Amino acid sequence: MGRQYLAILGKDLLVEFRTREILLTMALFSMLLVIIFAFAFLSDPTKAKDYGPGIIWVTVLFSATIGQNRLFDRERENGCLWGLLLSSVDAGTIFLAKATAQFIFTLLMELPTILLIILFFDLPLVQPMEFIASLLLGTVALSLVGTLFSAMLMNARMKEVLLPLVTYPLLVPVVIAGVKVTSVAVGAPVNEDAWMWLKFLLGFDMIFAVATWFLFGRMIRA
Amino acid sequence: MADLALKVDGIAKIAGRRHILRDVSFIAGSGELIAVLGRNGAGKTTLLSVLAGRLNPDRGLVSLEIGGRPLKGADFRRAVAILPHDLLIYPDLTARENLEFFMTLTGKKPDADFIFATLDTIGLAKDANRVVRLFSRGMQQRVAIGRLLVLQSNVWILDEPTTGLDEAGRRWLLDLLKAQTAAGKLILMSSHHQGEVSAVASRILLLDSGRVRLDGPAGPQGATAAFAIMDEGAA
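Order-wise, the sequence lines are chains V and R.
In terms of my numbering, the first sequence has 980 at position 77, counting the first letter as 1, and numbering is strictly consecutive.
In terms of my numbering, the second sequence has 1563 at position 210, counting the first letter as 1, and numbering is strictly consecutive.
One should not assume that every hint holds.
Computed footprint of chain V on chain R, listed as stretches where at least three residues anywhere in the stretch have a Cβ under 8 Å from a Cβ of chain V [claimed, not checked]: (1) 1371 to 1383; (2) 1433 to 1445; (3) 1459 to 1471.
EDC-like, lysine to aspartate or glutamate: derived pairs with alpha carbons at most 20 Å apart [claimed, not checked]: (4) V:Lys1062 / V:Asp976; (5) R:Lys1531 / R:Glu1513; (6) V:Lys1062 / V:Glu980; (7) V:Lys952 / V:Glu1095; (8) R:Lys1425 / V:Glu1095; (9) R:Lys1425 / R:Asp1362; (10) R:Lys1462 / V:Asp993; (11) V:Lys950 / V:Glu1095; (12) R:Lys1461 / V:Glu980.
Hints are computed from structural coordinates only; laboratory data are not their basis.
The model shown is predicted, which means the values in this text are computed figures rather than measured ones.
No residue lacks a Cβ here, since even glycine has one placed at the ideal position from N, Cα and C.
Could you build all of it, start to finish, from the sequences and the hints given here?
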């Protein structure tokens, strides 16, 4: 299973670094959002700590959706998904590899985007470890849910519209938790327990890791 | 290669109100090359897809035994490989990367010598490091055939495998199929070319409106008879 997992993940990374389709679109879209938010909110820099965390997480959520929409497109061309499903690889391994690829793409998009937001809005990271933990746990959640529904809607018409409609209601708690932890991390005047929200994110990831892995196996062959 | 038996028992496939396959039954074994014939819409592609596990039949059963042991799940998928119209290869990988990837999916570590030998067999050793998207249809077909070779399955299911190949490529593929059946593989192949069928097939399965109309030996006479029945239906 390990070798097959690494082969599928390696193939996705290789194709992406060769074509740069997912990373480029995600990065361009996230930069565009940051610029729009900067023009909309920079008029009052004293409030940056209040809306900065929201801007970070909305940008991450929207940009991650762009990547999720494209995640299975390469498997559609030439019927490649069937090549995977008709091999001896189990569906769970395919799911884990695809979710890991999505996690890496999202993380690569997040790094420059968040750096740009922090610089533009002059956000001080007073608790960086909490922020990084929320970002990693939140990205895991986005990748798990996104991968499942991206596969489910692979052949749907209007997939680009349907994917956010289906995933956002599930991901709202993740975004709320992420915003809460980030608010604490940038020193916003909020009365929140960052560790409580981090534990919530960890719990969300654990539950959804099992649920999405199980559902993917059931759904993909059907 | 251990003896294998593919048993197809009364399979039916229905799409809406249309019966695509009706009560199709046969048994096939090692070393057979079965030409699945029929006019357009006769159910050939559907039958091959059901045999490969790509489609589930609405009725009936497909079972595979190797050395008397019934295969299910991952073991079945490891033993059966399909080459459909959509080639199942990644256009943004090179020919070599495609073969290495599919070999790894079998759980084996890609063997550089074996991969190179396979690239040589499919006539793409010089183009091994070119991205498949830049290949002609015939070259892509060769990569897809290379995929079958590295999967090392016992059963090959081929849907019009000579599509896109030039005359030399067609002769090469037919020789390859003969060699593979001689080595004990079971091959089921759909075709519209009488010459191909009479050259390589050992048995003919003629479908007509989803039913088996003829199941018999091939050779020039069998192929002529089967194509005559098809022409008769077309007229």
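Verification of the supplied hints:
Using a Cβ-Cβ cut-off of 8 Å, 0 residues of the segment 1371 to 1383 of chain R lie near chain V, which falls short of the minimum of three, so the contact claim is violated. Proximity of the segment 1433 to 1445 of chain R to chain V, defined as three or more residues with a beta carbon under 8 Å from a beta carbon of that chain, is established by the 11 residues found. Closer than 8 Å: that is the beta-carbon criterion, and the segment 1459 to 1471 of chain R has 3 residues meeting it against chain V, so the requirement of 3 holds. Restraint check for Lys1062 (chain V) and Asp976 (chain V): the C-alpha separation of about 11 Å stays at or below 20 Å, so the hint holds.
Between Lys1531 (chain R) and Glu1513 (chain R), the direct Cα distance comes to roughly 16 Å. Compliance with the 20 Å bound is thereby established for this hinted pair. The straight-line distance between the Cα atoms of Lys1062 (chain V) and Glu980 (chain V) is roughly 16 Å, inside the 20 Å bound, and the hint therefore holds. About 14 Å separates the Cα atoms of Lys952 (chain V) and Glu1095 (chain V), which keeps this hinted pair within 20 Å; it holds. About 53 Å separates the Cα atoms of Lys1425 (chain R) and Glu1095 (chain V), which puts this hinted pair outside 20 Å; it is violated.
Using a Cα cut-off of 20 Å, the hinted pair Lys1425 (chain R) and Asp1362 (chain R) holds, with the two alpha carbons roughly 16 Å apart. Proximity of Lys1462 (chain R) to Asp993 (chain V) is assessed by CA-CA distance (about 18 Å); at most 20 Å being required, the pair is judged to hold. Between Lys950 (chain V) and Glu1095 (chain V) the CA atoms are separated by roughly 18 Å; this keeps the pair inside 20 Å, and the hint holds. As the CA atoms of Lys1461 (chain R) and Glu980 (chain V) are separated by approximately 25 Å, the hinted pair breaks the 20 Å bound.
Hint compliance for this structure: hints 1, 8 and 12 are broken, all remaining hints hold.
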